[in-house]
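K.L.:
Listed below, chain by chain, are the residues.
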Amino acid sequence: DAGVIQSPRHEVTEMGQEVTLRCKPISGHNSLFWYRQTMMRGLELLIYFNNNVPIDDSGMPEDRFSAKMPNASFSTLKIQPSEPRDSAVYFCASSLARSQNTEAFFGQGTRLTVV
Amino acid sequence: AQSVTQLDSHVSVSEGTPVLLRCNYSSSYSPSLFWYVQHPNKGLQLLLKYTSAATLVKGINGFEAEFKKSETSFHLTKPSAHMSDAAEYFCVVSDKKSGYSTLTFGKGTMLLVSP
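Taken in sequence, the protein lines are chains Y and D.
Using my numbering, read the first sequence as starting at -10 and increasing by one per residue.
Using my numbering, read the second sequence as starting at -8 and increasing by one per residue.
Accuracy of the hints is not assured; some may be wrong.
Said to hold, decoys possible - Which chain Y residues stay away from chain D? Per the calculated CB distances, all over 12 Å, these:
#1 PRO(-3)
#2 VAL1
#3 MET4
#4 ARG11
#5 PRO50
#6 ALA61
#7 PHE63
#8 LYS67
#9 ARG74
#10 VAL78
#11 VAL104
What the hints assert, rightly or not - Straight-line distance between alpha carbons at most 25 Å, and here's what the computed DMTMM-like set of lysine to aspartate or glutamate pairs gives:
#12 LYS67/Y x GLU7/Y
#13 LYS40/D x ASP45/Y
#14 LYS98/D x GLU7/Y
#15 LYS40/D x GLU33/Y
#16 LYS33/D x GLU0/Y
#17 LYS98/D x GLU55/D
#18 LYS98/D x GLU92/Y
#19 LYS33/D x GLU33/Y
#20 LYS98/D x GLU79/D
#21 LYS40/D x GLU57/D
#22 LYS33/D x GLU79/D
#23 LYS40/D x GLU51/Y
#24 LYS98/D x GLU33/Y
Simulated from the structure, these hints should not be mistaken for laboratory data.
Glycine is no exception: its CB is placed at the ideal position from the N, C-alpha and C atoms.
Please build the complete structure, drawing on both the sequences and the hints.
P.N.:
This is the structure:
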């Protein structure tokens, strides 16, 4: 398997524009996570899906953020409208959540810069 | 609620000397614990994991970690640092929340290795 695939790797956009980040989890994995990484806050869990259903979105910062998982092989994280403070690296991770012992596998991340 | 405290934001060692990265956790359940490594501009890679089998866990690249329940610690060690070990290291705790496993990350420790 190619691992967790995220696109794009880098995104530069202007404030107010819509941004869509994409993730393809590892085939067969049933849990998917979106994380945001910044110098100030470190790694923050934004949202967590299990079997395509959002389980915990308490980490989503504002209504400007939304995430979907229409099927087991694809998820999106959308920011509309984007703001400079959204600049960060966004990671997608997937796991086969049979138990708490299962580790998550991370994508390479999308570096978002909002100017 | 679960949490992770990485006691040092930066650790500096010389090549060939031992490495110690400290991690303390709190969890309402019997947790699983992980260490991940992140090299610059890369995703996160699993180093090792503790899942209640052996308390001393061996990982990749010569790293080890020992689970000490009485101290609620899971410190990461390596006998001899290599230049390629320079990276950021994350301690992670996983336990059940509402029937699902969630991962909580520490703030990270940056390991600097000098020649």
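K.L.:
Hint by hint, say whether it matches the structure.
P.N.:
Quick rundown of the hints versus the structure:
no.	hint	verdict
1	PRO(-3)	14 Å, holds
2	VAL1	16 Å, holds
3	MET4	24 Å, holds
4	ARG11	15 Å, holds
5	PRO50	17 Å, holds
6	ALA61	17 Å, holds
7	PHE63	18 Å, holds
8	LYS67	21 Å, holds
9	ARG74	19 Å, holds
10	VAL78	9 Å, violated
11	VAL104	20 Å, holds
12	LYS67/Y x GLU7/Y	7 Å, holds
13	LYS40/D x ASP45/Y	24 Å, holds
14	LYS98/D x GLU7/Y	29 Å, violated
15	LYS40/D x GLU33/Y	20 Å, holds
16	LYS33/D x GLU0/Y	16 Å, holds
17	LYS98/D x GLU55/D	20 Å, holds
18	LYS98/D x GLU92/Y	18 Å, holds
19	LYS33/D x GLU33/Y	17 Å, holds
20	LYS98/D x GLU79/D	10 Å, holds
21	LYS40/D x GLU57/D	10 Å, holds
22	LYS33/D x GLU79/D	10 Å, holds
23	LYS40/D x GLU51/Y	33 Å, violated
24	LYS98/D x GLU33/Y	10 Å, holds
Checked against the numbered hints given earlier, this structure breaks hints 10, 14, 23; the rest are met.
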